[in-house]
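Could you slot chain Z onto chain U? The hints should help.
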Amino acid sequence: METMTNPCIAIRRLTHRLPSGGRLLTILDGIDLEIARGESVAILGPSGSGKSTLLAMMAGLDRPTQGEILLDGEPIHTLSEDCLAMLRRRKVGFVFQNFQLLTNQTARENILLPLELAGATDAGRRADELLDQVGLADRGHHYPVQLSGGEQQRVALARAFAPKPSILLADEPTGNLDGATGERILALLADLRQREGTTVVMVTHDVSVADLSDRAVHLRDGRIERDQIRSSSPRLSAVPDPERAAG
Amino acid sequence: MTPGVFLQHLRREARGSRGRLAFFIGCLTAGVASVVAVAGFSEGLDSGIRSEAKTLLAADLTVRGRRPIPADVEAEIDRITGAERTAVREMLTVVAAESSGASEAEASEPTQAPGRSLLVELKSVDGYYPFYGELELEPAVGLAELLDEQSAIVAPEVLTRLQLEVGSQVRIGGQSFTIAGVVEREPDRITGAMSLGPRVLVSAAGLERADLEQYGSRVNYRMLVRLPAEREVEIEGIVEAIGALLDEDGRHRVESFTDAQPSLRRGLRRVGSYLALAALLSLLIGGLGVAQTVRAWLAGRMDAIAVLKCLGYRPREILWLYLGQTALLGVVGSLFGVGLGVALQSVVARMLAGALPVEHLEMWQPWAWSRGLLLGVGVALLASLPPLIAAMKVPPIRVLRRDADPLPPSRWALAGAAAALLASVVGLAAWQADSLWIGALFTGGLVLVAIVLGLAAWALARLASRPRERSRLWLRQGLAALDRPGASTVAGIVALGLGVLALLAMFLVEQGLSGELERDLPRDAPTAFLIDIQRDQWPGVEALLRDQNADQIDSVPMVMARIAAIDGRQAGELREEIENRSEGPRPGGDRRQAWTLRREQRLTYLDELPEDNAVISGELWSRPEVAEVSVEEEFATELGVTLGSVISLDIQGVVMDLTVTSLRRVDWSSFGINFFLVVEPGVLEAAPQTRVAAARMPEGREQQVQDALAASFPNVTMIRTREVLQRVAKMLTQLALGVRLLGGLTVLAGLAILAGAVSAGSIRRGAEVALLKTLGMTRRQVMASFATEYALIGLVSGVIGTVGGAVLAYFVLTRGMEVTWEQPIGWLVASVVATVALAVVSGLAASVAALRKRPIETLRSVTG
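So the sequence lines, in the order shown, correspond to chains U and Z. Numbers given in the working numbering equal positions in the first sequence, counted from 1, plus 21. Numbers given in the working numbering equal positions in the second sequence, counted from 1, plus 79.
Treat the hints as calculated values from the structure; they're not laboratory data. Yeah, the Cβ is synthetic: ideal placement off N, Cα and C, and Gly gets one too.
A short, non-exhaustive set of chain Z residues, derived as facing chain U with CB atoms under 10 Å:
{"#": "1", "residue": "Arg380"}
{"#": "2", "residue": "Asp382"}
{"#": "3", "residue": "Cys389"}
{"#": "4", "residue": "Leu390"}
{"#": "5", "residue": "Arg395"}
{"#": "6", "residue": "Lys472"}
Partial pick of chain U residues on the chain Z-facing surface, computed with a CB cut under 7 Å:
{"#": "7", "residue": "Ser73"}
{"#": "8", "residue": "Ala77"}
{"#": "9", "residue": "Asp83"}
{"#": "10", "residue": "Asp103"}
{"#": "11", "residue": "Arg109"}
{"#": "12", "residue": "Arg110"}
{"#": "13", "residue": "Phe115"}
{"#": "14", "residue": "Asn125"}
{"#": "15", "residue": "Glu130"}
{"#": "16", "residue": "Leu134"}
{"#": "17", "residue": "Glu137"}
{"#": "18", "residue": "Leu138"}
{"#": "19", "residue": "Asp192"}
Next comes chain Z alone, as it looks inside the complex:
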């Protein structure tokens, strides 16, 4: 047959099955639309969250340390074409109010009056700062306009505490600066760590003038880097390259925006896994819909195929004819799917503008579209392969004898098709999930469930075939229909069961994940921390907080100490050993360890651990004979201590030996007051200490609390964290909403496809309905008989699919996403009931037309 003739036949053969082919296209459209929409949304969510994460860092990556950034690191950055960098220096210093008109000589001495000087976090920046996020200034002008060598921008707390206003003079490092404005919000201010004072911004030249950067001064050097967009994908390599340079230096750390806040990072990773799963499963459901449609379509073409064979069509030409049809329909359905996916994306993005971080969602995504197109056509061809191979075997003698058995299939053809099908499903799944292992596991699971479903369907058909002469007519008919020749009970149950599995798994994972994301929301987290509270001031401060309607008030004592020795080995000796190690097995870890040994540690003592702490080994305060300390697990690894280790702490000159008797895991995402080292009560009570407090203030009340504190407890510093909390909460809410939305869409599309798949199998029962009605069955009886049959199919598919879905969701949630599994018994029961209802309703809906017709119309068209 020439290609021209083949194409002619292809075109002609497409006629007459419009309804069914429209459904075929519909299934594929829904499947591909969810793939494209999911790809688009994940891209949108990902880039939205990425941009928020960059905001938290104000850069793509930062290098920071206690020494100036090495020149070779700067050179490395400069080698990246298009990369920009800016230097930020931070230090703790005291600023003092300067009375107006004071002479230079008088002003050179900081004002000593209580409340007129303040410990601040000084930060020098230049005009490039920040690369991401917004620096909110009052007046709202550019940083470069406000900041010069002579000026400073301060946090509102500085004005309150020092009773100053914009235009006043402050002394920083002995030099006079004019307050040019107020900084309301900094993108990179506090990323979970506690601050020690309000912010004061000066320019780099201003910092030089203040001359604070002297030998021994504790300056934090930070280099912010913005990469050109096209190099962003290489960020891990760049971080690694810089890390390699820093390994030799040992005093700096490099961090990228991908190391953002822990609960967000976790959330992102989980959402990423969920989206991959949703796309994979929605494609599976689309494939099931297509397979069922093709099956039903070919069942309707059996007579035509037999005629074609009589006229001289070869079996392989039949295969090509229908495969060509399928491919054409696949392309059309996938194109519609791409269009619908893009439309969905844009409609939902518009509907949820502001709620989802998709304002900058890129609509032009040719990669996602071609992926959708390829997956759609691939799935259509794969799903059609088994019924197409069966179509090749339609016996031509069917033209004379309609009940003729199909020709025996060639074993090689069957084995080849099965192998091709399996390999392709593994390939498609691996492509979609971005992992060959997941692809293979997914396919293995599907095959296993399909076998269980097939066996159950076979058993059901056998059971149903047993004579039940005493039962009611409609029940007997319904049961018998499951075992009638040509009944697609097995295919129907396998398809519906797999569909239920996919839908339920998606639903349960979505429930678990969005629940977990919502649980991660720092709802009760403190919105401010209070530091430097003297012991005797706490009752007064607490009363003040209560007066201001603050709640979730928490306070613990805080003692500052340095690590003097571990297990008898002096910290200096340990540090030297680490620093001299030229090439350690874990240089990054060594660097951190050296830094930990050097820096000042904050300790507390508690009788009971806060709720966000869990002892993971050892027992809290279990050895009365020694002074005990409980260590956070990661910090213990950093220090190289374990249960039984002795940490010697130098507390203001007094060395104390503390034995590690428990290790703790801390949920840092709670934003509560937490310490790496917690000492048992009765050990540190006499040590010099202050208190640190956290409280949740009513929104907008912070300034009043700040003013009240400044009036009554001028030494107490309040650090606001609402801004960060709100940002983290917003991102988590957006993630949860995104997951709920996508989950909802894919589940809805899946339900529609499954309903269609059930209908596809039942739509050809017009002749049966007509015959039953001719023999005297009422419509009600016919419906009852069909309902019995569909309910049984729904029940078997529902039970097995539900169990399979729950198992899949359990593994995805607990192993893949590390989310707590909550017994979803209610949902499981609902899933089985819903499957039965879906099967009955869609099965009956497909038979409605036949039930309405007068029997003679159907019988005439069947025989004529």
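Just chain U, with the same shape it has in the complex:
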């Protein structure tokens, strides 16, 4: 297998099994994957193919049964809960299908949270800047329940990019949004990625969404079925008009 020099994420022989109904169910079966710094990767596959589990493993949200995961060369599968939390604090941003905003905190406070955890000295300024970038400068004091789905996902994007993570993991970020809003979110994601130089790994089952990435990894039954590398990804690296991106 051809190996990258200094990959941002390196996954080797990753296997994950879960007990189910008295037997072990194999979710991931010997995955080998390397993702370069700044690369945008879409993970595709039907339901139950192991996409979300693979994403969770990359963030240290779950522990593999076998194999290893290295982030920036650092093995994370052996880290304690505390170290994993610190790692996520420093390096990993998340965007979820169902937004996962803290409902008891305002949009601005949601963005502030990872900045404060990281000990950022200019947390307030950075949060305001990000709110502006996602087109919600005047909605910072609103609670998630007062925002539309698209607006919530824009806040989630701002929160994910706030501490300038080297890796952004997105799980079906447009899954709960209508087509137009989904497109605007993806454009915004591409824009932020461009500005921050972030490595993006995005789980989706939508091929058109995957087309926006540098690379598409197809999973089936816990294995990599196909790994497509596009030499020049047309859109995720493109810079869309921010005005147009505001959903």
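Frame of chain U; chain Z shown alone:
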């Protein structure tokens, strides 16, 4: 994370759970309020009863004896800064009416006409008397104003018997005194003992003038002492120090107000134990409420916790975040609790002013408040510890997969938390109950019951999980819900069961205790004693009493005797031996024994024992070959006699040998006529004797009876005891009322908390209701299914909690308080039924909002 950021997060995290946090605060408020109110009330009751007990003694402590109080005892008292003392001397003497205008020479001879002289109890006092209670005089002026060297104050009976009035002259010890007023009530008059005559008060100088205190005269010397308030806590030490001085002297006794009347003392001790128990259990219930609320609150925050972990929160930061919240809420709830407790105290004190001895209840009790505050915060933190530790283990992958299993908890963390929890519960319980042993026992009992409840809950869940396809849909759903993933069946049953245990125990103990206090009330006790009735006068006296509508009339013969020998050893010899003993193992007991051997004994002879007497060993009148005597148990110990001992009694010069064939226990709180020594019939009939009678007179009729007796039987003296009876009855009633009131309040607060705890667990079932309704279940079916589930939880908790509560109440009542246990079957059944009802009603009440909502509203908010 910097402290500033932490505080920011703490503040933000508190949002959005207002309802639940309000309930959390409510539980703690109720728990702490009952602790503070109980502490305040017990303080109030205690000080109220203390002040009544001091009234009965007219002092904090007294030293009394047949000889003047030793100078070193007086010096010891004088060494206590701020202590005051006053001397009281009492003796039996005869006063005689003096016809007005009689010359000094004529008056020097007591009037000999029948009915014009009277045996009285003379008492010399000074202006300090009494230190506590009220000396009611007529005219209502100060003692010092009425009493001087020339004057006397007399009981109304003296005026009636001697046909005198205020301003008349009486002769006391050959000297003429002017009757300056009437004494209606003395605080320390009769504390259960029988008097020999009505009261006459003179001043110390007056007593000197009467010159009655001569060699050989039988004077009772009493020194009354009032301690400064801040030294009152040291009273036992002071009594001990004085006792040590008296040991060498052997002729005096020291007594403090804490040795008050026996039924009161017993009552006080029991109420004290009850209050400690009530405070402990109400805190436990508050803790259960808090634990359930925190559990439910954190269950609602699981997704947020997973997100926080995704964003880089470390598990221990999660713990600190929520522990900080809990501590903050604990402080707020406890502060509210302190406020509510104080308010309750003041409202109830005002409502029951006069009925409870809480008129002087101190509202400023910073100690009780800080105790409530500390206990509240402590309980909140402790109760939250188990769910908080579970919260640390919320898997971050929950953001992607909501059904993700919790992370395996660290064994060390679990063991450490369990140890900390147990040690803290023992500590808190020991602090509240003022005994490490009780604290440990209490915790052990709780753990045991919690294990039984947990096992029962587990068994119920397993049973419920068995398929019952033929049963009705709602029943099947209800049963299945007990075993659904994430169901808090075990936690719910343990919390509810422990709550029922605490509430029922409190209720049963309160019932038993207040019943016992009410039984102790001297309802049928005589209100007057009649002494010096000649044998042939009794039918006439009895008829007179009946004419005056007196009831509960009782009369027994009374023979006076001295102990001549015990088991062949002469009393003088025994006394000398005791008195010469320089350092006995039980000097106090020896002193009493010597005094018993010296004093005159009153005996009676009876065929059957009165109801308030119970033979505890031997058999009454069982040996025809000897003359038998039955001895009261404590008196037997004092004399050093047992079954088979022979007591030789000197009855007016005739010595009689009596064999002890039974020992008796006497309920002195009945106030009936009782004797230490009861002789079998047929032995003393021929001895010189009088009769003593007791009767209960209609209220306010005493004076008429007194007048009628003075007219027909002038030698008979009537001693009124209504005053003392009423005072004892008032105190017992107050204690019982106080217990009922506190019991009622804590049980009500407990019920509210338990209802809330059940609701806390069920309020998050909106999604389930919505889903069931979407699938076509009617609201009635959903309610029936929930009711089945809650009824089963209530039944298991109710049965186990009830059994546990009854066992706890049984031990507290019979072992701790020595109160008779009465089978409370009816209450036990009611407890189980009430628990089922409570679980069903509060569980359904919490689901009402979800049942009313259209399913789509709930489903949208869950998924969106």
